[in-house]
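Please build the complex by placing chain B on the supplied structure of chain A, with the hints as guidance.
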Amino acid sequence: MKTYTKIALSALGVIVFLLAWEAVARSGIVPARLLPSPSAVPAAFLTEFSSGTWQTMVLASLSHYLVGLSLGTFLGVSFGTAAALWGRWDAFQAWVVRMLRPIPAIAWIPFAIIWFGVSEAAASFLIALTVFWINYYASYAAVRGVDKDLIELGYAFGQGGLIPRLFKIILPGALPGILSGLRAGLGQGWMTVVAAELFGISGLGMRMMEASGLLATHIVVLYMVTIALLYGVSDFLFMQVQSRVLSWQR
Amino acid sequence: MAAVTLSKTATASVIDLEDVSIGYGKDAPPVLVDVNLSVERGSFVAIVGPSGVGKSTLLRVVAGLHTARSGGVTIHQDQRPGHRPVGLVFQDSRLLPWRRVIRNVEFGLEGLPVSRDERRQRAEAALKLVRLDGYARRWPYELSGGQRQRIGIARAMAVDPDILLMDEPFGALDAITRHNLQDELRRIHQETGKTVLFVTHDLEEAVHMADRIIVLGGTPARVVRDVRNSAGRDGAVFRDQVEQLRSEIADNYSI
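First to last, the sequence lines map onto chains A and B. Using the working numbering, count along the first sequence one by one with no gaps and you end on 520. Using the working numbering, count along the second sequence one by one with no gaps and you end on 257.
No incorrect hints appear here.
Pairwise CB distance ranges, derived in the manner of DEER restraints:
no.	chain 1	residue 1	chain 2	residue 2	range
1	A	Ser450	B	Ala252	47 to 57 Å
2	A	Thr275	B	Asn182	43 to 53 Å
3	A	Leu432	B	Gly74	24 to 34 Å
4	B	Asn182	A	Gln519	22 to 32 Å
5	B	Asp176	A	Arg514	27 to 37 Å
Derived from the structure by calculation, the hints contain no laboratory data. From the three backbone atoms N, C-alpha and C, an ideal C-beta is built for every residue, glycine too.
The shape of chain A in the complex, shown without the other chains (with noise of 0.2 Å):
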């Protein structure tokens, strides 16, 4: 298939399913209060971002976002790495990974406000808590699939100590694997900064919020699409980076 039809097919698929929901909304089948219609999406962008709402949900939700994501994939691969390389600290950590592992983020939200209240700090928390585990996960097994052979290869060419191995052969040869986990966790996290500025921290869940108490769906059709074009623009960007960072791929 040629990039450019390709292109038009998914111009067409967008277009097709906004033209379904508007005629579905229009006919009345459903109540306008419990499904807005598309095209009353504008005009709510427009009310919010004059009062400058929309500005200071995105910059805060944004905020947490990053803070998180940062330190969740930081903490991930860096914990992942270890276990992958040594085999005690592995063991050592295994049970309590499993056991921890099943909780959802969620879950950890009545610790996250005892902890740090009803705070910045507390939806950061849950979202690093949410992409540690996928970096974890994908650094563990990216590390542990790195080629012997190329390790084989440091030992030979007087590259074996840890420092040499580990930023010359393994980190290098585990980036492909790291890096789809740093993908999927730019992903869960904007799914995990909605669910924890639902409880009250200002941000794009909290006036999803604060909109839906009010009936006021269609400002909640806005803020879905403001997240749904938010990760598309961060996944974009990070596609970007990757493909020149792998660029040693075929």
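Below, chain B alone, put in the same frame as chain A:
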């Protein structure tokens, strides 16, 4: 357990193996026993034998990647600064895919007390030696199998080793490329005077390249023949030498 000893005394030999015995695991029977071998400086020695006999294992011991069970392994290191005792060439070229060609060739130099400029110069000289000086900025995936092997040779030569160890370096190449690279290696050997220890299961290759051929055989394996060779590629002599080696190996073959 006997690790490799590095000695600084000047001798006619580059490596000396004394009563070396090699095995994997603690209680497993040994793979190689009673290996006594001295490799003269500047010589080209081939190690041949059936697959699984322990040729590569012996090479790994000399390279310091595996420790002999007993016996002595000594490498007589030259006094020159900024070089490694051994340079290893693998059957799979084993280039780091995330490094451009020139950075792959520099790899072994990075742990040596060598300035950045000198590192680059030596890597460029090594690339020139294997006739790939136009390929410095390429990625490994852009190269053919033969080119990758040349880069592997350049990487090993860049560290200016006392001995070049080659583990079936042309085993995975097609016949034409293999022939080219055999000639290239002979030229490099003649130009640089490097000592080469070359593992192969290809007897024609051994007779064509080496001036001395060590035959390993038996279970556990030991050195069964040590042949001076000057057949080169010269018709009748060449065929005789290959046939003689073939029968030696068959006589000592056991499953």
